[in-house]
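S.K.: So the protein lines, in turn, are chains A and B. Each residue of the first sequence is one higher than the one before, counting from 1 in this note's numbering. Each residue of the second sequence is one higher than the one before, counting from 1 in this note's numbering.
Warning: the hint list may mix true and false statements.
Said to hold, decoys possible - Far from chain A by the CB rule (all over 10 Å, computed), these chain B residues:
(1) Phe116
(2) Glu195
(3) Ser206
Said to hold, decoys possible - Simulated restraints on C-beta separations:
(4) B/Asp46 <-> A/Asn232: 56 to 62 Å
(5) A/Asp21 <-> B/Gly218: 49 to 55 Å
(6) A/Ala13 <-> B/Leu72: 16 to 22 Å
(7) A/Thr67 <-> B/Glu258: 57 to 63 Å
(8) B/Asn22 <-> A/Glu38: 54 to 60 Å
(9) B/Gly218 <-> A/Gly144: 52 to 58 Å
(10) B/Asp235 <-> A/Pro106: 20 to 26 Å
Calculated from the structure, these hints are not laboratory results. All figures in this text were calculated on a predicted structure; none of them were measured in a lab. Note that the Cβ used here is the ideal one computed from N, Cα and C, for glycine as well.
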Amino acid sequence: MHNPYLPYPVRIAMLRVETEDKNLRTFKFEFLNLGDEEKFAYLPGQFAELSVSGQGEIPIGIASSPTEKGFVLFTVNRVGQVSSFMHNMKEGDVMGIRGPLGHPYPLDRLEGKNLLIIAGGFAVTTLRSTITWMLQPQNRPKYGKITFVYGARSPGLLLYKEEWSEWQKRDDIDVFVTIDREAPGWNGRVGFVPTVTKEVCPPPQNTAAIICGPPIMIKFTQPVLEAAGYSNDDIIMSLENRMKCGLGICGRCNVGPEYVCKDGPVFTLTQLNQLPKEY
Amino acid sequence: MTEYIVKDKLTFLRALASSGYNLIAPISMKNKIQMAPTDPDKVDLDYLNTFLSPKSLFFPQTEKMMAFHKDLTKSDAFVYKPLGLDQVKPSVIFGLRPCDAKGLSVIDKIFQNNRFTDPYWNTKYEPSVKIGLACLNPGPNCFCTAVGGSPFGEIGLDAITLVRGNGFGLKTLSAKGEEFLKNTSGLEIGDLTGEIADLKKKVEASLPLPLDLSKVQGATILSIFNQPHWKTTADRCLNCGTCTFVCPTCHCFDIQDEQDEEGGVRIRNWDTCMSWLYTVHGTGHNPRPTKTERMRQRFMHKIKYIPMKQDGTCGCIGCGRCVQLCPVNIDIREVAKQMNQG
Numbered sequence: 001m002h003n004p005y006l007p008y009p010v011r012i013a014m015l016r017v018e019t020e021d022k023n024l025r026t027f028k029f030e031f032l033n034l035g036d037e038e039k040f041a042y043l044p045g046q047f048a049e050l051s052v053s054g055q056g057e058i059p060i061g062i063a064s065s066p067t068e069k070g071f072v073l074f075t076v077n078r079v080g081q082v083s084s085f086m087h088n089m090k091e092g093d094v095m096g097i098r099g100p101l102g103h104p105y106p107l108d109r110l111e112g113k114n115l116l117i118i119a120g121g122f123a124v125t126t127l128r129s130t131i132t133w134m135l136q137p138q139n140r141p142k143y144g145k146i147t148f149v150y151g152a153r154s155p156g157l158l159l160y161k162e163e164w165s166e167w168q169k170r171d172d173i174d175v176f177v178t179i180d181r182e183a184p185g186w187n188g189r190v191g192f193v194p195t196v197t198k199e200v201c202p203p204p205q206n207t208a209a210i211i212c213g214p215p216i217m218i219k220f221t222q223p224v225l226e227a228a229g230y231s232n233d234d235i236i237m238s239l240e241n242r243m244k245c246g247l248g249i250c251g252r253c254n255v256g257p258e259y260v261c262k263d264g265p266v267f268t269l270t271q272l273n274q275l276p277k278e279y
Numbered sequence: 001m002t003e004y005i006v007k008d009k010l011t012f013l014r015a016l017a018s019s020g021y022n023l024i025a026p027i028s029m030k031n032k033i034q035m036a037p038t039d040p041d042k043v044d045l046d047y048l049n050t051f052l053s054p055k056s057l058f059f060p061q062t063e064k065m066m067a068f069h070k071d072l073t074k075s076d077a078f079v080y081k082p083l084g085l086d087q088v089k090p091s092v093i094f095g096l097r098p099c100d101a102k103g104l105s106v107i108d109k110i111f112q113n114n115r116f117t118d119p120y121w122n123t124k125y126e127p128s129v130k131i132g133l134a135c136l137n138p139g140p141n142c143f144c145t146a147v148g149g150s151p152f153g154e155i156g157l158d159a160i161t162l163v164r165g166n167g168f169g170l171k172t173l174s175a176k177g178e179e180f181l182k183n184t185s186g187l188e189i190g191d192l193t194g195e196i197a198d199l200k201k202k203v204e205a206s207l208p209l210p211l212d213l214s215k216v217q218g219a220t221i222l223s224i225f226n227q228p229h230w231k232t233t234a235d236r237c238l239n240c241g242t243c244t245f246v247c248p249t250c251h252c253f254d255i256q257d258e259q260d261e262e263g264g265v266r267i268r269n270w271d272t273c274m275s276w277l278y279t280v281h282g283t284g285h286n287p288r289p290t291k292t293e294r295m296r297q298r299f300m301h302k303i304k305y306i307p308m309k310q311d312g313t314c315g316c317i318g319c320g321r322c323v324q325l326c327p328v329n330i331d332i333r334e335v336a337k338q339m340n341q342g
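Please build the complete structure, drawing on both the sequences and the hints.
M.R.: Here's what the structure looks like:
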């Protein structure tokens, strides 16, 4: 019987400090055992439990795309016991990952639609996965116009500069990267995500929005989308809650009758409007 | 399904114990009746119900899930290996009250849900043979009939017995129970249909009437969640967690790592939604910051969420343990009534 609690052993193949405050590090993992990568078959929007023997586990969104073979990427904010321990680990160290867990973004249902992808701060991780996946030659024709709005407080807090700089050069995705306030050396946009969204959001006809960001950003972006005429079925969000098992058993991550881990973390605004705001 | 007459209790219990299965049955431990592995001679059948629910037979209060070592000369240093999943001798559990058996079947649907199977639960629960003992004299806190159960309830059981003179009446309820019991010595085929029906009617009449939960079922989640009574209902709650500890359908757990110089284990422990730490985020944000939200969560889970997910089956099975043991006398029946009134 498959044991969903047992992590696949992985080696830290590369780690990179992502932000100037050094609170975010990206971990590139390679599976130790042949065949585990195939068992860990995932889609953009899913997450995994990162497992450090003797320390514990943390649920983190998968930042790599399944089209990137040979490794998986996670970007980890230093917050508690496990993430702090991970920030002191070195390349070559062995740990575990357990998953994939949760449901991906509804990539099938979104086929044929224009997409507005909105990210704030380090919540951009699973959207890096999504965009990387969608820009693959075999996937790109399935979707209409793609607009990506990404904001952070300052330039030094933007993740994945290499990736979005490349995307900016392409003509099959419109990328709007913004920071909250003017900063030396920054020639890009300045302004909060809701303001930029209002300016650049495509018309709501046949368009869906995926939003990931801090609660304050979501709170002010949602009215912008509503005013622009987006339907609640087409506003897609990803929730976070404290988790342990990731399997819908240990209890704590529930929002109403739904478990964020097993039934989410991806929900439409229509679904969320029927549930208590216990997240 | 077959009906049997068991002439002598002890002969039957001894036959169960020599079946190749571990006999688990009610015994007196520290002046409390508990389900535990036992010799047939020590089984104590003079009880209303066991002090704690039988969930710990399949979901122990603390359970080692996996272990690792730190010996870097070996290639699997720091790699977790599962514990406790080897072929274990299955159990025959005798004397389960029908309410508790129903409770086990409620959490079985969570441990083995639409996406994942919990192997630690599955390896213990699936092979076990569960033999119930019908309630002929329910206790003052019993209310199975108020929440869709019966003192002769059959859900979650492979067979049910009722005390009958010096022996039992026994009825098999599943193919597993049928198979297990057909070779057990000391059983005579009998006809209990009329007797069970009469007793069932009589005992059920001594128990509370069904709670009216029709409005809870029909209402939206948010309309119940936002009812004004929650604040006052929670006023006297201490968030002590006694209710979650004794509840047969409370299944929440925490996972923790423990280690020393040589290695470590990952264990799971019962947890409680009454605790602040249970839901707090790494950022310090807590979706259920006060006792009101935490107490509401428990009752919403039992009376609204579980029925929504399990075709109307109530998450409370009416064993009455929380009613009996709550230090501030919160009664789930009163809360349910309030939820139904709005």
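S.K.: Next step is simple, just say for each hint if it's right about the structure.
M.R.: Status of the hints after comparison with the structure:
1. Phe116: violated (4 Å)
2. Glu195: holds (41 Å)
3. Ser206: Label holds. Min Cβ-Cβ 34 Å, cutoff 10 Å.
4. B/Asp46 <-> A/Asn232: 56 to 62 Å: holds (59 Å)
5. A/Asp21 <-> B/Gly218: 49 to 55 Å: For B/Gly218 against A/Asp21, whose Cβ atoms are near 51 Å apart, the range 49 to 55 Å holds.
6. A/Ala13 <-> B/Leu72: 16 to 22 Å: holds (19 Å)
7. A/Thr67 <-> B/Glu258: 57 to 63 Å: violated (39 Å)
8. B/Asn22 <-> A/Glu38: 54 to 60 Å: violated (39 Å)
9. B/Gly218 <-> A/Gly144: 52 to 58 Å: Violated, since B/Gly218 and A/Gly144 (Cβ atoms, about 41 Å apart) do not stay within the stated range.
10. B/Asp235 <-> A/Pro106: 20 to 26 Å: violated (43 Å)
When the structure is compared with the earlier hints, violations turn up for hints 1, 7, 8, 9 and 10 and for no others.
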